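**Student:** Residues per chain are reported as follows:
Protein chains: 2
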Amino acid sequence: MRVGDIGEFGLIDRWMNSLRCTDTRCIVGIGDDGAVLQTSPGSVLVATCDMMVEGIHFKMSFAEPRQIGMKAMAINLSDLAAMNASPLAALVSVGLNPSLDVEFVDRLYEGISLMADKYRCPLVGGDTVRSPAAVLVDMFLLGEAPRGDITLRSGARPGDLVLVTGSLGSSAAGLDILLLRETRGQGAQSPGVSASVADAVIRAHLEPTPRLTEAGAIAAAGGATSAIDISDGLANEVNHIAKMSGVGITVDADLVPVSEPAIQVARALGKDPLAYALFGGEDYELCFTAQPSVADRISRAVLDATGTAVTHIGWVSSGSGCWLLREGRREVLEPAAYDHFRRDAGGGSGGNQV
Amino acid sequence: MRVGDIGEFGLIDRWMNSLRCTDTRCIVGIGDDGAVLQTSPGSVLVATCDMMVEGIHFKMSFAEPRQIGMKAMAINLSDLAAMNASPLAALVSVGLNPSLDVEFVDRLYEGISLMADKYRCPLVGGDTVRSPAAVLVDMFLLGEAPRGDITLRSGARPGDLVLVTGSLGSSAAGLDILLLRETRGQGAQSPGVSASVADAVIRAHLEPTPRLTEAGAIAAAGGATSAIDISDGLANEVNHIAKMSGVGITVDADLVPVSEPAIQVARALGKDPLAYALFGGEDYELCFTAQPSVADRISRAVLDATGTAVTHIGWVSSGSGCWLLREGRREVLEPAAYDHFRRDAGGGSGGNQV
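Order-wise, the sequence lines are chains E and B. Per our numbering, residue 33 is the first one in the first sequence, and the count goes up by one each step. Per our numbering, residue 33 is the first one in the second sequence, and the count goes up by one each step.
Fair warning: there could be bad hints in the mix.
As the list claims (entries may be wrong) - Capping the alpha-carbon separation at 35 Å, the derived lysine-lysine pairs in DSBU-like fashion look like this:
(1) Lys150/E / Lys275/B
(2) Lys303/B / Lys275/B
(3) Lys275/E / Lys91/E
(4) Lys91/B / Lys150/B
(5) Lys150/B / Lys91/E
(6) Lys275/E / Lys275/B
As the list claims (entries may be wrong) - Facing chain E, according to a computed beta carbon distance under 7 Å, are these residues of chain B, among others:
(7) Trp47
(8) Leu51
(9) Leu123
(10) Pro130
(11) Leu146
(12) Asp159
(13) Pro164
(14) Leu287
(15) Ala333
(16) Leu335
Hints are computed from structural coordinates only; laboratory data are not their basis. As the structure is a computational prediction, the values presented were derived from the model and not from experiment. Ideal Cβ positions, reconstructed from N, Cα and C, are used throughout, including at glycine.
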């Protein structure tokens, strides 16, 4: 049996049980957005990592090196945001081909430093190695939080509402535009969408914003019962919450906030805009659950504090699995997750999985 | 200018200053074996990572997958040992080719788990991604210690003695045997050395032992003033200590404990056994400095507690740079470091460098 036959999630399932952490200092091990470790009484440490491989997670022809560095930080900061932890420090392992221009490395670190400064997550170390083929960027982030403040994937309860920050689908639409331009030649116009729409979705794909401030506002306004960041698509993330919480989740298609630029790209390409939101991934918005009594307060507080909208998209029930309400029908919402072993370009990296 | 032109250490120097950490929580950033972070009052966190790339740091034809997993843990645990930190938790990012047999992954994690259990450093998470070419294993380790217990590269003072645990050179000799067997065909005998000698040096190369227990015994018996683990060769490591401490170091060639199997391999291959110890690297012994008044006590304590010999090999003086006393002459001891961008097979990964 080959790795490609069972895929990323097959490998995770294969190892999830045998690697279950029994150490008393390990509060949460594999399976959430980050590991949660007890260090001092009352406060915990969150550790997370995401590896980006050239040709799988990014293309040198799509992203500037500065953007690769920024995104490596952003996708890990997003994991901390999902858990409501404050950034503490970052380490980065970089694999470089000797033929690469030093300028590339300068710009890569510039992107990392920019995010490190912006989110107060200093780069404190790492490793630089030779890579015979692809460029590799593996980022490790540490966050900290009072123990009671940590939000897990497993806390959703029947009766909770399901909410998301911002709007979804832009990142996948941006990847589509980039792939299309590659096929048709770099100078080609993006078909049927304005330059500003194309720029907006491409920027969403290449320079995602980790929702750390939003996470803080959610916590301050009453708190999420569970949370996850949207790295592999909304469908995948609600399935993670449902599975880890032992609940069912119903998403109303009409409520999902698909971004306006994503709708325009989808129309131009003859695609379903909702599919971008549900299965596209890499939006790095937060999907979370909250008790109905605090949901409105959270939405207002996040909007006031950050300008980011929070939208109610569904409900938590007893049972197990996820469903989508669409045009009067209720259908099973499969994860349809991006699997790094089965597709070739783009693709996020979700959670703390081994 | 290409990455290969300035090499790993050139890149580190290029970024060392601009990435110098100014955050108050960051006690030690880039440049030591690990980063030291202040989390709670009185205790610190040590974070370190080392990436291993197939074809650069290991060959699938040399190492069993279980040994690759073990070594990924060992070289990071060795960084914690150098700083006298206790293992807390590990995360691992793994890049896999889809054509790889799942059995390979099983054995890789088996090796990681084995070391995680042995050194009480639970694997709490990571990331699994597709790698188009080489297998990648990037390990991230967290350790903890009372703040005053941490040993840095920068603490050596004139008058201190320089000491090493165990014996040196076996790992480089083992790599030579492996390379020779590859050239001559797998079934070939190792020339001029017994099977047991060949096995011993190969095992030293593939299954290094992190000196965590030895580090504890050193600390308990009076403590090192500075320490580093020997990943890139003794010459490289004493230069690191000298540079970081602002001192000079003299090593007496006659005192360097070259391992008996390494001597036999060197003789059989017509090589200089001392070169294995000075420039071979990957022995993962500890090189440390201590005040003369406690050096004997440390040596006895480590031997009693662990069975590992500690050998006095040199002296710390004022000035800067390193020298080797050999056959009555005093010559400059250049780092002659292994550089991942300039050589092709084997090779360790030293310290927390970015």
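**Student:** Each hint needs a verdict: does it hold in this structure or not?
**Tutor:** Cross-check of the supplied hints:
1. Lys150/E / Lys275/B: holds, 32 Å
2. Lys303/B / Lys275/B: With Cα atoms ~29 Å apart, Lys303/B and Lys275/B stay inside 35 Å; holds.
3. Lys275/E / Lys91/E: Since the Cα atoms of Lys275/E and Lys91/E sit roughly 33 Å apart, the hinted pair holds (cutoff 35 Å).
4. Lys91/B / Lys150/B: It holds: about 25 Å lies between the C-alpha atoms, which stays within 35 Å.
5. Lys150/B / Lys91/E: violated, 40 Å
6. Lys275/E / Lys275/B: violated, 53 Å
7. Trp47: holds, 6 Å
8. Leu51: For Leu51/B, the interface hint holds, since the closest Cβ of chain E sits about 6 Å away, which is under 7 Å.
9. Leu123: Result: holds, 5 Å to nearest chain E Cβ.
10. Pro130: With a closest approach of 3 Å, the Pro130/B hint holds.
11. Leu146: The hint is violated - Leu146/B has no Cβ within 7 Å of chain E, the shortest such distance being about 12 Å.
12. Asp159: At 5 Å from the nearest chain E Cβ, Asp159/B passes the 7 Å test, so the hint holds.
13. Pro164: holds, 5 Å
14. Leu287: Because about 31 Å separates Leu287/B from the closest Cβ in chain E, which is outside the 7 Å limit, the hint is violated.
15. Ala333: violated, 28 Å
16. Leu335: Nearest chain E Cβ about 31 Å off; hint violated.
Consistency note: the structure conflicts with the earlier hints numbered 5, 6, 11, 14, 15, 16.
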